[in-house]
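If you read the sequences in order, they're chains A and B.
Residue numbers for the first sequence follow the numbering used here, so the first one is 362 and each next one is one higher.
Residue numbers for the second sequence follow the numbering used here, so the first one is 13 and each next one is one higher.
Hints were generated in silico from the structure; no laboratory data involved.
It is possible that part of the hints are untrue.
Said to hold, decoys possible - Negatives, chain B to chain A, calculated, CB over 10 Å: (1) G24; (2) N99; (3) L139; (4) A169; (5) G230; (6) M233; (7) E237; (8) G242.
What the hints assert, rightly or not - Sample of chain B residues facing chain A (criterion: CB under 7 Å; computed from the structure): (9) V219; (10) A223; (11) E236; (12) R239; (13) T240; (14) P244; (15) P287; (16) C288; (17) A335.
No experiment lies behind these values; they were computed from the predicted model shown.
Don't be surprised by glycine CBs; every beta carbon is placed ideally from N, CA and C.
Next come the chains, spelled out residue by residue.
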Amino acid sequence: MSVVLCMDHVSFSHAGRIVLHDLSFGIRAGEMTALLGHNGAGKTTLLRLLLGLARPGAGQVLLEGQPMQAWSRREVARRIAYVPQGHVPLFPYSVRDIVGMGRLAETPFAPGLHRHDRDEVTHALHALGIIHLADRPYTELSGGERQAALLARALAQGARTLILDEPETGLDYGQKQRLYALLQKLATQGHAIVATTHDPLAAARVFDRAIALRQGRIMADGPAADVLEPSMLERLYAPRETSIQE
Amino acid sequence: MIAALATIVLVGLAVFSACIGRFAVQPAQVLHALAASLGLVASADTPQAHMVHSVVFGARLPRIGGALCVGAALSVAGAAYQAVFRNPLVSPGLLGVLAGAGTGAALGIVWGLGPAGVGGLSFLGGLLAVACGVGVAHLFDAASMLMLVFGGLISSALFTALLSLLKYVADPQNQLPDIVFWLLGSLTQVTPRALGVMVGPVVVGIVLLSACGRMLDGLAMGDEEARTLGIPVVALRYGVIGAATVLAALTVSVAGMIGWVGLVVPHVARLLVGPCNMRVLPTSACLGGMFLLVCDDLARTLSVEEIPVGLIADLLGVALFVAVLPLLRRGWRA
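Looking at chain B on its own, in the form it has when it is part of the complex (with noise of 0.2 Å):
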């Protein structure tokens, strides 16, 4: 019933995202170019059926994927996060993922590479970044979680550090504002081909971390009293957080830095549903991809020049936090 509303919405947002910008298409020039490519109905062989096409195909749908992509990863990622570390206040870049996938796209960036270059490096730079954070706490003690937390913010800082170093050396010129750009976070650069990568990859960390949604529930109760009720707490906590970092690293990779939506969407999820993962998890994807579908197409019709898609989803990001604020401290023990 609720999955079959989400549904309903979520398609209606995407058509009506496919009509809107600077090229206004009709919402059924929008279907009949669905069903037509689908085999469904004939296509009409008219000019402007061929500019629908295009624009639908070429730029708009790809773009309407990147945003769902991108929005329900970070979410979930977020949400899996905050039950791994008990905690509500934490957001995927929490082991250094951001910093570092940051610093391996602005590394692209400095070397010269091409989009799909600096996707990679990006994508790279988040796993050794959260890497480096696990490390360190197992140079201690790997069973802590508190370790892990003061290992995330090393991480953290060294990536920030190497990123304005980065930023430092780049040629002020042509690199910076690249490197700027970037980490403003921007949907622009969503192909088919690059959203084609990320869809599975998506789905499967959607589908795996909801699946653990009830051990995560257990682990909510403390770690011993966890392995009391049956759960293989040091495996849970370290295939999630792996999956949480694939899924946070994959976004950068793709679109920049846009981090926030990954803290506030899982409160709002909780207000919905209540607080067990097993809901919350893809509760939190579906609302995170809407989130920040809607945020790109403010980014996109605004004005005449786009606006960073990072930029609008922080500042709505903040807005709903504030929003949702009074009703989170109900849910909370006091």
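Just chain A, with the same shape it has in the complex (with noise of 0.2 Å):
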């Protein structure tokens, strides 16, 4: 499996407090990458980093072999697309609409979609099960069906690399399971997958591999069910030192 997107011995700080401290990894094609840490770790900095959204102050992320500053942003819109935690423009936009900003990369300048722009808005729909949701307004939909239409825009943003923050935030159980089975038939296709995520018990079953995030450090990064075991769930998720003792 090719590395595709790499952390060259990075560093990160904000206001002078180092959030990130020499983190070096490579995320591969068609590995689920689940990122755990608990609150404040680092863990939105570092996919950040990772989507070229903000600039390490050490060392460097390699896309495709090439630092990241050097492609850009339609570039990098082309190689990895990125799924936030649903939230509401003002406009009632169509899911169609919001999945079809997806293509904005290909096709920026209107008048509109070409016809294979549409046609891959519409497999994206297809693919997530949400095609009666296409002419709906996205401000009318509930959290499990926003997430999905923004992982059809995702798809349907051709990327072979998904960086997801915290994806099942919202999910039910049986959406749950769907969102992951979706993931993993991605990564069999090819893509890499990087997801932050709140739920080790599930991601232990679901995901390859596991980075553990604690105070801005790597602590541990293996295939998922050997880091995320109960000595070392209860050391990262632990009171940190700065904390009062007991």
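Put the two chains together into one complex; each comes in its own frame, and the hints tell you how they fit.
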């Protein structure tokens, strides 16, 4: 499996505080990687670095072997798609409009989507089983439906690497199982999947690999079932040293 | 289909506008004069025909063109600003362009410049005010939208103060009435030449902004998400602000302060064609042009004395906004 996205001795500080300290790892095609850690461990910052939204203070992020800043935003968008936690825009775009935004990197200018783009959008809507929602306003969807629309947008984007921010938030049991099944299917098709998660038990079952982050450092990186065993989880989520000692 | 319908309504409205006024003209006469000027039919050589020709071409058509251009430019600028700032309550005046252009015009009047000089200074004043607003934002955090809004607030306040100063020092007999009249907004000054200068940039601006419509939709999802979709957010934001500012400053330099149109019309456009900016922007331009043309017709015909069109546009705009407000609430996130 080839490395598509790689952190090379990356450090990042914000307002004088070190958020991430000397991280190195590679994201491989066909692999599902879970990113775990306590709140404030630096997961969100790590995602922003992987997406090229933030620049590392030291070290570099490499996309297909090239430094992230050497790529244009459009070129990055063709390779990495982001599935944020669902939030709602002010204006009532239809689900089809939202998924169509995944084609912006290919067809940025109006008048509109080409036939090929529209096919990709329809295909993504089918893949997520939300074709019946296509003309509904995105603003009126439930949390799970919104998540599905954002995932469809990521598929329509055509990128081989998917980065998801706590994708299971707000989903019921059945929706979670379907989400995991879909992610596993995408991984077998060669997509690289990276997701932050607050559910280590599900992650141990579903993901291939887990990276455990504690106070801005990698505490463990390996097969998910090995990393996420009880004693490790206890240490990973233990109260921090800065908190009051008992 | 919709475009064809809009064109028919627009042409009909323009012909109707050319007919009304102190010197009444029949629609057939207007069409005949138009056809004659295009060389389609022989022009009649009667005093009546000459009169129609001079009224239609000398006075009314430039004014109709001016109303269409100014209304379209302000509305498309307003829609673009609303998309860039992700806020439906934003008007083209947000970054100070109207205050700056008004100040420039007042300065031109105080210096005793002619109409072209006043228009030119007004245009430059509008650009300068927005440059000040953006500059203030750059001093702190250029990427932050909040800082841009603060910069615009500061710049608007500054130029409004300068405008007050100019009013204070202006000669109360001659210059002050001119400044006040200018600020009320009027299309009486639109000459064929001024219209000729304006048409090109307005058309180009509307086409450019509309072409960015899909990227502006992406911007609605937030800056970071837009970047992951492949949108060059900062370049897009400044490009669109630049184009919309040029359009808004142009309108003030030709017709004085008519601002409110730019806030109201995009809402009506969204009600008609949905939230996608590639449709909202051209629709806003079209509706804005028609709206201001109707306002100007009223300004010309309501009383013997001409009423400033800015006044009518504000009053009609308020009525329109109140009328569509209940519909808007349904469309927005509650």
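Each hint, compared with the structure:
Listed as a non-interface residue, B:G24 keeps its Cβ farther than 10 Å from every Cβ of chain A; the least gap is roughly 26 Å. Against chain A, the non-interface label of B:N99 is violated: not every CB pair exceeds 10 Å, the least being about 8 Å. With a closest Cβ-Cβ approach of about 26 Å to chain A, B:L139 is found to remain outside the 10 Å limit, as its non-interface label requires. Under the 10 Å C-beta cut-off, the non-interface status given to B:A169 relative to chain A holds; the minimum distance is some 27 Å.
Listed as outside the interface, B:G230 is inconsistent with that label: its C-beta sits roughly 5 Å from the nearest C-beta of chain A, within the 10 Å cut-off. With a closest Cβ-Cβ approach of about 6 Å to chain A, B:M233 is found to fall inside the 10 Å limit, against its non-interface label. Not every C-beta of chain A lies more than 10 Å from that of B:E237, the closest at about 6 Å, which undercuts listing it as non-interface. Listed as outside the interface, B:G242 is inconsistent with that label: its C-beta sits roughly 3 Å from the nearest C-beta of chain A, within the 10 Å cut-off.
This hint is violated: B:V219 has a C-beta 10 Å from the nearest C-beta of chain A, more than the 7 Å allowed. At a threshold of 7 Å, the smallest CB-CB gap from B:A223 to chain A is about 5 Å, leaving the interface hint in force. For B:E236, the interface hint holds, since its Cβ comes within 7 Å of a Cβ in chain A; the closest pair sits about 5 Å apart. Nearest Cβ of chain A to the Cβ of B:R239: about 6 Å, under the 7 Å cut. The hint holds.
Taking 7 Å as the C-beta contact cut-off toward chain A, the hint placing B:T240 at the interface holds, the least distance being around 4 Å. Nearest Cβ of chain A to the Cβ of B:P244: about 5 Å, under the 7 Å cut. The hint holds. Hint on B:P287 holds. Least Cβ distance to chain A is approximately 4 Å, under the 7 Å limit. Contact between B:C288 and chain A, as hinted, is supported at the beta carbon level, the nearest pair being about 6 Å apart and thus within 7 Å.
Taken as an interface hint, B:A335 does not check out: its beta carbon lies about 20 Å from the nearest beta carbon of chain A, beyond 7 Å.
Checked against the numbered hints above, the structure violates hints 2, 5, 6, 7, 8, 9, 17; every other hint is satisfied.
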